[in-house]
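Student: Sequences listed follow chains R and V, in order. Counted the way the numbering used here counts, the first sequence spans residues 1222 to 1697. Counted the way the numbering used here counts, the second sequence spans residues 1222 to 1697.
To be clear, the hints were calculated from the coordinates, so they are not data collected in a lab. It is possible that part of the hints are untrue.
The list cannot tell twin chains apart, which means a pair is met if one copy fits it or any two copies do.
Said to hold, decoys possible - Under the rule of at most 30 Å between Cα atoms (straight-line distance), these lysine-lysine pairs were calculated in the DSSO-like manner:
1. Lys1264 / Lys1602
2. Lys1243 / Lys1264
3. Lys1264 / Lys1629
4. Lys1629 / Lys1257
5. Lys1257 / Lys1557
Number of protein chains: 2
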Amino acid sequence: MTPDEFREYGHRLIDWIADYRKRVYAGEFPALAQVKYGELSRKLAASPPQEAEPFDAVLRDLENLIVPAISHFQHPGFFAYFPSNSLLASVLGDHVSTGLAQLGLNWASSPALTELEEVTTDWFRQMLGLSAEWRGVIHETASNASLVALLCARERASGRSAAHGGLQGVPSPITVYASEQSHSSIEKAVLLAGFGRDNLRLLPTDRDHALRVDALESALERDLAEGATPGAIVACVGTTGTTAIDPLTRIAASARRHGLWLHVDAAMAGSAMILPECRSLWEGVELADSLVVNPHKWLGAAFDCTTYYVRNPAELVSVMSTNPSYLQTEADGEAKNFRDWGIPLGRRFRALKLWFLIREQGVAGLQARLRRDLANAQWLKQQVDATPGWKRLAPVPFQTVCMRYEPKGLEGEALDRHTLAWCGRINASGRAWLTPAQLDGRWMVRVSIGAEPTERRHVQALWELMRREAESTNRQ
Amino acid sequence: MTPDEFREYGHRLIDWIADYRKRVYAGEFPALAQVKYGELSRKLAASPPQEAEPFDAVLRDLENLIVPAISHFQHPGFFAYFPSNSLLASVLGDHVSTGLAQLGLNWASSPALTELEEVTTDWFRQMLGLSAEWRGVIHETASNASLVALLCARERASGRSAAHGGLQGVPSPITVYASEQSHSSIEKAVLLAGFGRDNLRLLPTDRDHALRVDALESALERDLAEGATPGAIVACVGTTGTTAIDPLTRIAASARRHGLWLHVDAAMAGSAMILPECRSLWEGVELADSLVVNPHKWLGAAFDCTTYYVRNPAELVSVMSTNPSYLQTEADGEAKNFRDWGIPLGRRFRALKLWFLIREQGVAGLQARLRRDLANAQWLKQQVDATPGWKRLAPVPFQTVCMRYEPKGLEGEALDRHTLAWCGRINASGRAWLTPAQLDGRWMVRVSIGAEPTERRHVQALWELMRREAESTNRQ
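Bound-form chain R, shown alone (with noise of 0.2 Å):
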């Protein structure tokens, strides 16, 4: 494809593109897709074309098989999850990364990569009220990012072990902590990173679902007793089930008291810190060693835009870095290399994203958003409360409210199959998607509010949809 083609299917795929955006903020697909397992791929050529196709069959495809066959994360009703934003001139930041097409391996191989993600994270940092102490790189996901941090506490906890024996050289295992409601990449970064399932403590947690501290005091006088190294504990500002908080500034107290590596895991909710009025619920974040928060969530920077903040980046590049031959150039020693911040050598030029969405927005446009976003939380709050037979099961701090309908009667087992039912429903009705969790044993749904074209109307609609399914389920 020479520029010229390029420049006219382009065209034509921005425009397909803008339709697509109208198209689905006004609600025209189903929320979630409506297909089975292999209905796309038994449509798909089995084999690649030995010769070129005409690029009109490709975009044909798009409109004809791929489309029918995605769900929609910029919906109206999108409840799903977190939200999963990517507004258009963070889309245009990454087009333009892909067009450049850059490859971060060191400094030189693309010095505006490096520098723009130097300072946009800075940017970043300074919007989220952090100290100037922190430094950021963006990272693929969370998950990665929290692979890096535990990667980190291991080598601390083990007296950099990676460069002798590894972990298999240790004398005493070490251990880590987390509450019962932290993500699932935080155990699977435990079990990645080699720690071992039994020597990671999932804590209980108090009636706001957060990290009971007396409990986190409990396991750590155990595992002290028993000759066990604690190592590291993670930290939540906003779980996924139910956006609880961990108490930071009591487990801080507890992390420095043992030398524990503090991993703080604000991916969705660390967004909300662009507001001055939500900081309190951060407060003790800057005693934390690491930091992550996904712009690519409720912040709306096109996926993938994950900021990784540490305090210590001597201590980063200490366990990720790598120096061969043919990656020294001569900027080394001055210029900041990021591959040792992370698991890649090569690098997407993400901060385009982050870059165009925060000078298109404005902080100011930003939070706006998000101040719209935490009062319809409230609003939503506020009708369920209100409602008989509707039971709100958790805090609403951000923007997540969780809840079940328990008509008279109904418990258990019989309980979760009337949730899961008319959860179902809505998700088959095509007009909203919600994802259903389990919370102390029982499944509920979570209304996860803050796609960008969510307004007012559409949580009004959804709570109408919600009522009617669930009651009428219930009369069935």
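With chain R held as given, fit chain V onto it using these hints.
Tutor: Frame of chain R; chain V shown alone:
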């Protein structure tokens, strides 16, 4: 930004990217950025804008600030590292991915994302001539894929230690083997996976810089005698230094005998296997457990697009899976959830850029370009071999020619200074971009051919430039 504003600015950016590509293909920019560290940062605002900025200001900065601070992997004078091609059809596929703003969490969250990835990685498998025993997935980079491979190897060798005490509980150290020419990402993966540097055996190579199987056998015997558990070997098809090829069949025999996981790193050179005439070079690949090939290198998929193939997906999933309630759907069990095939939970719709590329080029189109590059490398090899004073330092099985100009009387560190000097002069000229590297303790120059716009005349021009700079530097 509304869809209509996106349309307006999107058209302008498509034109801008098309023009950028025309300019870079014409050699208008210096191949390697001619800036100093911090030069760009100092021109950027130190703090984010409180209010929205006009989008025109962003576009102006793109042209005036960003472009002067980037190096150009798509330049016809790009002969550095390895090709990082990004063909324009693939760029459009990536644009669509970002525009649709999909997020792969499980199959249901984006059925097309999962199914197109299954289909497209299977197309590429067929193109590589691999048997139907392999199943593919797309990862961010080869560093990530090789880390996943070594984690799986660790779990096999340790009897699924992650489910128990982790690597901390293994009775005898697990050892890993690779050649001293293996990529730095292998050493990094060994350290991150917790094996420890003391348990990594970087084996000597033969005169063609390929792993010596006798050295492998000796190391295995020594380790077994000392009570270690050999766990994995990484074999390279196309090392970074010289594109050397480790003897897979013989290595696989050792691996089978000792129960080692065999991971094949064909990140760059794997693309050559779309040419049937190259496939004898990786004979034995079917005996491996895992394999990484990067379509985002020579083949031309927009970065990032690493394909990772395994023969036993169940074993991969057993190491990488998590299954919290909020990710469960009715399709589980039937549908594939690629989150269990790698480190990240959330995943981009990366298959689109590979699908667009293969369809727009056809297998024949991709083959023709790679054959052009192989022929160009053979031409350069002949020039080097035929020119007094020049020494070729390695075989040329693919598209990289390793060489040094060795004037009479220069050796040791003086020769190193001379090599780095003339190579530095070429890079400073902006006309070409070369990567020096160390081989057998001395600096040499790798000419890695295969940027998309690089034709024979560009290789000829490079050779003239190299001769002029190397021979004239010597006369000074």
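Student: Tell me, please, which holds for Lys1243 and Lys1264 at an alpha-carbon limit of 30 Å: within, between, both or neither?
Tutor: within (27 Å within a copy, 37 Å between copies)
Student: Taking 30 Å as the upper bound on the Cα-Cα distance, should Lys1629 and Lys1257 be classified as within, between, both, or neither?
Tutor: neither (35 Å within a copy, 71 Å between copies)
Student: Give the relationship of Lys1257 and Lys1557 under a CA distance limit of 30 Å: within one copy only, between copies only, both, or neither.
Tutor: Intra 47 Å, inter 12 Å, cutoff 30 Å: inter-copy only.
Student: Given a CA cutoff of 30 Å, do Lys1264 and Lys1602 count as a within-copy pair, a between-copy pair, both, or neither?
Tutor: neither (44 Å within a copy, 46 Å between copies)
Student: Given a CA cutoff of 30 Å, do Lys1264 and Lys1629 count as a within-copy pair, a between-copy pair, both, or neither?
Tutor: neither (47 Å within a copy, 66 Å between copies)
Of the numbered hints listed earlier, those contradicted by the structure are 1, 3, 4.
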